[in-house]
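Q: Each chain, written out:
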Amino acid sequence: DAKTTQPPSMDCAEGRAANLPCNHSTISGNEYVYWYRQIHSQGPQYIIHGLKNNETNEMASLIITEDRKSSTLILPHATLRDTAVYYCIVRVFNSGNTPLVFGKGTRLSVIA
Amino acid sequence: GAVVSQHPSWVICKSGTSVKIECRSLDFQATTMFWYRQFPKQSLMLMATSNEGSKATYEQGVEKDKFLINHASLTLSTLTVTSAHPEDSSFYICSFLAGGLITDTQYFGPGTRLTVL
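Chains as they are written, first to last, in the numbering used here: chain A, -1 to 110; chain B, 210 to 326.
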């Protein structure tokens, strides 16, 4: 699976939009972009995934560039409970037993 | 949404004893599941992959005789840490793969904190 690059940490003011970037310049045509987050001492939580179209759900929006080499996860109105490590992972969809491989992610701190 | 439970959430044991961690998917069935562990200030590391009814496949460096995985059904898997030692102290996390034509997403349990004295 292609590797991803994320900034190690970011701060965001409470109530503001949090924009988390991810670079995946070597992504293959059949690889999806997945986002998870891990709140301290908990298991990872699925947020969203996409292939090439922008996606939105109740948690976040995912914006993927036209060349698919990068993406941005947007939390529209960050709260203190959004403080977590956010992981951007690329993976072939329906690849059977292929597990998610976690990098170091971005530690997002939401500040009051 | 998909819910995965783990039990216990934390356990403290003496060196040399065995510990069993149970992982259940509560509202979906999954053929494939994964076990990860996470040391302090590090990312998740895959330990093994298992399919229901089959033997688990372990990652390099993970001892299969020490970390026994039993994927008994489509909703239940257990990880037994045998003869635990202090270096096995870690955060263990299970994950079920909800696969299909439309969905292909891993859902994670809340994790089990193991401390070996």
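Calculated from the structure, these hints are not laboratory results.
One or more hints might be untrue.
[Unchecked claim] Only pairs whose alpha carbons sit at most 30 Å apart, straight line, appear in this in silico DSS-like list of lysine-lysine:
(1) A:K67 - B:K250
(2) B:K275 - B:K229
(3) B:K273 - A:K50
(4) A:K67 - B:K273
(5) B:K229 - A:K102
(6) B:K275 - B:K250
(7) B:K229 - B:K273
(8) B:K250 - A:K1
(9) B:K275 - A:K50
(10) B:K275 - B:K264
(11) A:K1 - B:K264
(12) A:K1 - B:K229
(13) B:K223 - B:K264
(14) A:K1 - A:K67
Q: Determine for every hint whether it applies to the structure shown.
A: Tested hints:
Proposed proximity of A:K67 and B:K250 is supported: the alpha carbons are some 28 Å apart, at most 30 Å. With a C-alpha separation of about 12 Å, the suggested pairing of B:K275 with B:K229 holds against the 30 Å cut-off. Between B:K273 and A:K50, the direct Cα distance comes to roughly 39 Å. Violation of the 30 Å bound is thereby established for this hinted pair. Restraint check for A:K67 and B:K273: not satisfied, since their Cα atoms lie roughly 38 Å apart, outside the 30 Å limit.
Of the supplied pair hints, the one linking B:K229 and A:K102 holds, its CA atoms being roughly 28 Å apart against a limit of 30 Å. At roughly 24 Å between alpha-carbon atoms, B:K275 and B:K250 fall within 30 Å of each other, so this suggested pair holds. With a C-alpha separation of about 15 Å, the suggested pair B:K229 and B:K273 falls inside the 30 Å cut-off, and the hint holds. This hinted pair checks out: B:K250 and A:K1 have alpha carbons roughly 20 Å apart, not beyond 30 Å.
At most 30 Å may separate the alpha-carbon atoms for a hinted pair to count; B:K275 and A:K50 exceed this at roughly 42 Å. With a C-alpha separation of about 14 Å, the suggested pairing of B:K275 with B:K264 holds against the 30 Å cut-off. Straight-line distance between C-alpha atoms of A:K1 and B:K264 comes to about 29 Å, which keeps the hinted pair within the 30 Å bound. At roughly 34 Å between alpha-carbon atoms, A:K1 and B:K229 are farther apart than 30 Å, so this suggested pair is violated.
Only pairs whose Cα atoms come within 30 Å are accepted, and B:K223 paired with B:K264 is accepted, the gap being roughly 28 Å. A hinted pair counts as satisfied when its Cα atoms are at most 30 Å apart, and A:K1 with A:K67 qualifies at roughly 11 Å.
Hint check: violations occur at hints 3, 4, 9, 12; the rest are consistent with the structure.
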